[in-house]
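Protein chains in written order, with our numbering: chain A, 1 to 149; chain B, 1 to 149; chain C, 1 to 149; chain D, 1 to 149.
No lab work stands behind these hints, which were simulated from the structure alone. Please note that the accuracy of each hint is not assured.
Remember, identical chains collapse to one label, so a pair may be satisfied in a single copy or spanning two.
Unchecked claim - Taking lysine-lysine and the DSS-like style, the derived pairs with C-alpha atoms no more than 25 Å apart in a straight line are:
(1) Lys-140 / Lys-69
(2) Lys-8 / Lys-95
(3) Lys-36 / Lys-149
(4) Lys-8 / Lys-140
Number of protein chains: 4
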Amino acid sequence: MKKIDKSKTLTSTTTTRVRFGEVDAMHIVWHGNYIKYLEDGRETFGYEHGLNYLYIYEQGYILPVVDLKAQYIKSAYIDDVIRIETTYIASPSAKMIFRYKIYRDSDSTLLTIAETTQLFQTEDRKLVIEKPEFIVAWEKKHNIFIPKK
Amino acid sequence: MKKIDKSKTLTSTTTTRVRFGEVDAMHIVWHGNYIKYLEDGRETFGYEHGLNYLYIYEQGYILPVVDLKAQYIKSAYIDDVIRIETTYIASPSAKMIFRYKIYRDSDSTLLTIAETTQLFQTEDRKLVIEKPEFIVAWEKKHNIFIPKK
Amino acid sequence: MKKIDKSKTLTSTTTTRVRFGEVDAMHIVWHGNYIKYLEDGRETFGYEHGLNYLYIYEQGYILPVVDLKAQYIKSAYIDDVIRIETTYIASPSAKMIFRYKIYRDSDSTLLTIAETTQLFQTEDRKLVIEKPEFIVAWEKKHNIFIPKK
Amino acid sequence: MKKIDKSKTLTSTTTTRVRFGEVDAMHIVWHGNYIKYLEDGRETFGYEHGLNYLYIYEQGYILPVVDLKAQYIKSAYIDDVIRIETTYIASPSAKMIFRYKIYRDSDSTLLTIAETTQLFQTEDRKLVIEKPEFIVAWEKKHNIFIPKK
Chain A
1 MKKIDKSKTL
11 TSTTTTRVRF
21 GEVDAMHIVW
31 HGNYIKYLED
41 GRETFGYEHG
51 LNYLYIYEQG
61 YILPVVDLKA
71 QYIKSAYIDD
81 VIRIETTYIA
91 SPSAKMIFRY
101 KIYRDSDSTL
111 LTIAETTQLF
121 QTEDRKLVIE
131 KPEFIVAWEK
141 KHNIFIPKK
Chain B
1 MKKIDKSKTL
11 TSTTTTRVRF
21 GEVDAMHIVW
31 HGNYIKYLED
41 GRETFGYEHG
51 LNYLYIYEQG
61 YILPVVDLKA
71 QYIKSAYIDD
81 VIRIETTYIA
91 SPSAKMIFRY
101 KIYRDSDSTL
111 LTIAETTQLF
121 QTEDRKLVIE
131 KPEFIVAWEK
141 KHNIFIPKK
Chain C
1 MKKIDKSKTL
11 TSTTTTRVRF
21 GEVDAMHIVW
31 HGNYIKYLED
41 GRETFGYEHG
51 LNYLYIYEQG
61 YILPVVDLKA
71 QYIKSAYIDD
81 VIRIETTYIA
91 SPSAKMIFRY
101 KIYRDSDSTL
111 LTIAETTQLF
121 QTEDRKLVIE
131 KPEFIVAWEK
141 KHNIFIPKK
Chain D
1 MKKIDKSKTL
11 TSTTTTRVRF
21 GEVDAMHIVW
31 HGNYIKYLED
41 GRETFGYEHG
51 LNYLYIYEQG
61 YILPVVDLKA
71 QYIKSAYIDD
81 VIRIETTYIA
91 SPSAKMIFRY
101 KIYRDSDSTL
111 LTIAETTQLF
121 QTEDRKLVIE
131 KPEFIVAWEK
141 KHNIFIPKK
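Okay, chain A solo, but in the shape it has when bound (with noise of 0.2 Å):
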């Protein structure tokens, strides 16, 4: 993964806990069932940070997933709870890049990371070239806007 400029990222944080039917026969947590907390932490951030699907819909945008990355490092067992850092990386082009770390709350052990690209498409699937609008004045609000060069 690139190199990022720390001052332009925000982070959430949230838990969970292992649920029994997301182990595998390995006892360990199946590597598929990662992507469903990838999903909690992106919708713990846009809680938090007021970006959260609901509103981008009605903002008249969905946001489709193109890029998925995933390094798993140590395995989460039933009845781990498990902590999952949410960050978002600005971009200067029309994208919502956000890079996750997936620890064990009880010990801090780094399971996972992780990092989804997803791209801006109208409710009629098109592509969207330039960052809405609406993001853009999320992102100067948060003092991460990164103008194009």
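Given the structure of chain A, go ahead and fit chains B, C and D onto it with the hints provided.
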């Protein structure tokens, strides 16, 4: 489950292999994942008998599940191929009832029996009291129509 | 569902927010995802009342779900916070029965009622006919033990 | 993704139909559900080429996914049949790498490309540094073995 008039039913069969991510820490398919198999069964039924989701949607209806019953008799394991028999149970009222038998395909062990009930709603989510005409026509075509008393 | 003796029950409550990935094309929580909420409820119950999965497993037992019933009354939507009330229904026989009421938390609309039955098995998956001693002791401690007739 | 030596690969193809419960509020397959399709692809590969999960497990190994990358190019919709091409990328080191191309089957539109990396662990979850002998033998049999430099 109630006794049914077997002359007023229609059945489809499909098979699927248990995915690794569908088994739980007991190495058996997590009970919640059977709900997906019921959906597989229902969708196969729809394709075979001309009643699939998109067609119903085009007629202006959605079909939320309002009742679900499942009995788990034996377990399915990783790599098992399971066979889903899905039976449409004609009803005089405006509902869509399916019964399911799920077998391990290799030895025809009965694993699960289940039943779902769906009601008709218009796209704006109003409940439909009268059975839609296209369903009446479809039931008549298949000789499973049961008139109201 | 059968009438129950309410003096022989024990209840826990937990809340969770609907995840984006849990809603379906009708913009409501896909009915199969409620099975996860039931599990959330059961696990919260286990933590609050000293009967969690790992503890039971350490006693040498697993608890497969053998029966599931759910009635879907109203729908949950994206971003809804739902409240899950999970009630342990003491039984004279060797089974573990839970009933669930799931509400939209904001206005306490009842969304779903459900019931699950689990049987006791030893780790090598033999059915246990007699209620395990640690469960009898746990029920007695909570004044919900019902002797066999 | 890195350039690969195409003579050292082996491919399998499978198809599956999008389930109703797999699409999200945007009426497209929720991005997290593609992880299941990758698993479908990997399991089909295992069956066709004699390297399925249970066989590997019987050799004393488990294969946790440690790295996952996915690019979402186009969307899959309800009722789409998707085609998953799964390619084993031989590596000189003790890892198992698969690349995936997921297409809409009807018109061969490329929907998603992905890559997973798995490491070998013993059943007691110790990392295996040397490629297991049964994998070396399997790669040699298929003429895709790459010796370490």
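Evaluated hints:
For a Cα distance limit of 25 Å, the shortest separation of Lys-140 from Lys-69 qualifies neither inside one copy, at 27 Å, nor across copies, at 31 Å. For a Cα distance limit of 25 Å, the shortest separation of Lys-8 from Lys-95 inside one copy, 14 Å, qualifies, whereas the shortest one across copies, 36 Å, does not. Taking the shortest Cα distances, Lys-36 and Lys-149 never come within 25 Å of each other, neither inside one copy (35 Å) nor across copies (40 Å). In this assembly of identical chains, Lys-8 and Lys-140 lie within 25 Å of each other by CA distance solely inside one copy; the values are 10 Å within and 50 Å between copies.
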